[in-house]
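Enquirer: Below, each chain spelled out in residue letters.
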Amino acid sequence: MRELKELLTVVSNEKIAVNTYKMVLSGCTKEITVPGQFINIALDGFYLRRPISVCDWDENTVTIIYKAVGNGTELMATLKAGAQLDTLMGLGNGFDTSKSGNAPLLIGGGAGVPPMYALAKKLISEGKKPVVILGFNTESEVFFAEEFKALGIETYVSTADGSVGTKGFVTDVIAKLEGYTYFYTCGPEPMLKAIYNATEASGQLSFEERMGCGFGACMGCSCKTKYGNKRICKDGPVLEKEEIIW
Amino acid sequence: MVSTKVKLCSLELDNPVIPASGTFGFGYEFAELYDINILGSISLKGTTAQPRFGNPTPRIAECPAGMINSVGLQNPGIDAVISQELPKLAECFSKPAIANISGFSVEEYVECCSKADKAEQIGILEVNVSCPNVHNGGMSFGTSPEAAAEITRAVKAVTTKPVFIKLTPNVTDIVSIAKACEEAGADGLSLINTMLGMRINLKTKKPVIANKMGGFSGSAIFPVALRMVYQVYEAVKIPIIGMGGVSSAQDVIEMMLAGATAVQIGAQNLVDPYACKNIIESLPGVMQEYSINNLEDIIGGAH
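So the protein lines, in turn, are chains Z and W.
The first sequence lines up with residues 1 to 246 when you count with my numbering.
The second sequence lines up with residues 1001 to 1303 when you count with my numbering.
Hints listed in this document are in silico derivations from the structure and should not be mistaken for laboratory results.
Among the hints, erroneous ones may be present.
If you want the footprint, here are the derived chain Z segments under chain W, 3+ residues with CB under 8 Å [unchecked claim]: (1) 2-15; (2) 148-155; (3) 170-178; (4) 202-211.
Here are the simulated SDA-like pairs of lysine to any residue, each with C-alpha atoms no more than 25 Å apart in a straight line [stated by the list, open to error]: (5) W:Lys1237 <-> W:Ala1147; (6) Z:Lys99 <-> Z:Lys5; (7) Z:Lys5 <-> W:Gly1285; (8) W:Lys1179 <-> W:Met1213; (9) Z:Lys230 <-> W:Glu1029; (10) Z:Lys230 <-> W:Met1213.
Beta carbons: idealized from backbone N, C-alpha and C, even for Gly.
Build the full structure now, drawing on both the sequences and the hints.
Expert: Following this line, the structure appears as structure tokens:
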């Protein structure tokens, strides 16, 4: 039996960029098994949980990075160390690293950057050489560029206004890169679609959808794929390039 | 030692707690989380004659103490339910389940119900004439006593198992529809389905739900559901499965006092996948707290 429900304790909760917070939570993390999975957090006064992607985890802690963009996440931003959160752990399929080849490209856009971190660590541990591209709108939104560099991997940043890194979109960086074997990406849907069209390589794309339950029961986040109907929360959020119907 | 057993038509349930249709899939995925044989029964995902993808997304909107869904009866169709979903359920659930059937015409209800009736695992047919999320179907049959009675008669003519008609709250007088179903031969009634609702996104200034409106459920609607069960109980003799915002053992008892023989848990399953398990486990203790020895004795006790 899976025990999805875990009462996590906030260890730290700090602002790392505009409207962007990094929260470290402690508790049992055995249900988190694959990079690209998410956790679903219950908040006092809100009926539905907040699905947030896992940025990193070890045996006793999980790190998430979230944007305060609505009433729920704004409440999360006010939580102090010691606060407890009823959380469903290890949801979604996550990224399959067996298909990556030796030099996969990792592309994160905005709130889609965090899951790339655990994925990069996993790929490195498998002896692969990932290259990462992080896309943001402007300098004040940039986060985790140094953390990726600290993993010892080639890291590119693009900003729409050119305030940091390459001016333009992540696809402008992709256009200059060669030799990558596969791609993994997470970010806003227009970015996913642009990447899908910008490269011949095969890859995996992590999607967002408004969810009810987050664990496959309500059919609130269904999408059509070439492999049949899928639930973004349970059969996804990661879909293979070949199955996507835009 | 308290007894949580209830008799629902021909079925003896270990307890009155049943996950509501559309919040529990076809059950087997929850068997990864706990032994689903502790449930009284399971009301399976709403099924139609043909496979349906359902409505465009977003299908979900959050509300104070509840949520709106506009799934639109996504399901693989009755034939796939019988050939693929029921066998998977049989591997982890040994009790009779409830088939929840929707349609777009009398003929479709008849076809679907007669197929479900023949499935050994199905103990009750729950005929959904109340889905607010599909056009020209579902709810339109449940908003007039004549149409609801027509469906009831047609389904009863081709089935052998107890037929429960699932009613919508989106009507002026639910009692007249309940009575029409009873007179047409219904063996029981399920109420209530979701209430038609909507939210508007202040940033886009457009409806949150792609289909604009959807079914509002969750603890916010409990008092409305309870009131309707209470009213219908006074007007009919057939058993009622009460539902609508039930989220605790206390709510189950309240619903039974209003007149429900069994109780379905809906939206609460979506915020807590262990909701039914927790309710079933806490029920005996809550019964003792209120000096209830036999749950069956309290049905309609508030009247």
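Enquirer: Taking only the CA atoms, is the gap from Z:Lys99 to Z:Lys5 under or equal to 25 Å?
Expert: 31 Å, violated
Enquirer: Take the C-alpha atoms of W:Lys1237 and W:Ala1147, compute the straight-line distance between them, and say whether it is at most 25 Å.
Expert: Answer holds: W:Lys1237 to W:Ala1147 is near 21 Å, not above 25 Å.
Enquirer: Given the hinted pair Z:Lys230 and W:Glu1029, is their alpha-carbon gap at most 25 Å?
Expert: 15 Å, holds
Enquirer: Is the listed coverage of the stretch 202-211 of chain Z by chain W valid when you require three or more residues with a beta carbon under 8 Å from a beta carbon of that chain?
Expert: The restraint on the stretch 202-211 of chain Z holds, since 3 of its residues have a Cβ under 8 Å from chain W and three suffice.
Enquirer: Given the proposed pairing of Z:Lys230 with W:Met1213, does the C-alpha separation stay at or below 25 Å?
Expert: 23 Å, holds
Enquirer: How does the stretch 2-15 of chain Z fare against chain W when you require at least three residues with a CB closer than 8 Å, holds or violated?
Expert: Held - the stretch 2-15 of chain Z has 4 residues with a Cβ nearer than 8 Å to chain W, which meets the minimum of three.
Enquirer: Does W:Lys1179 pair with W:Met1213 here, judged by a C-alpha cut-off of 25 Å?
Expert: The hint is violated at about 29 Å.
Enquirer: Is the Cα-Cα distance between Z:Lys5 and W:Gly1285 25 Å or less?
Expert: 23 Å, holds
Enquirer: Taking beta carbons only, do three or more residues of the stretch 170-178 of chain Z come closer than 8 Å to chain W?
Expert: Answer violated; 0 residues pass the 8 Å Cβ test.
Enquirer: Between the stretch 148-155 of chain Z and chain W, are there enough contacts, at least three residues with CB-CB distance under 8 Å, for the coverage claim to hold?
Expert: violated (count 0)
The structure is inconsistent with the numbered hints 2, 3, 6, 8, although it conforms to all the rest.
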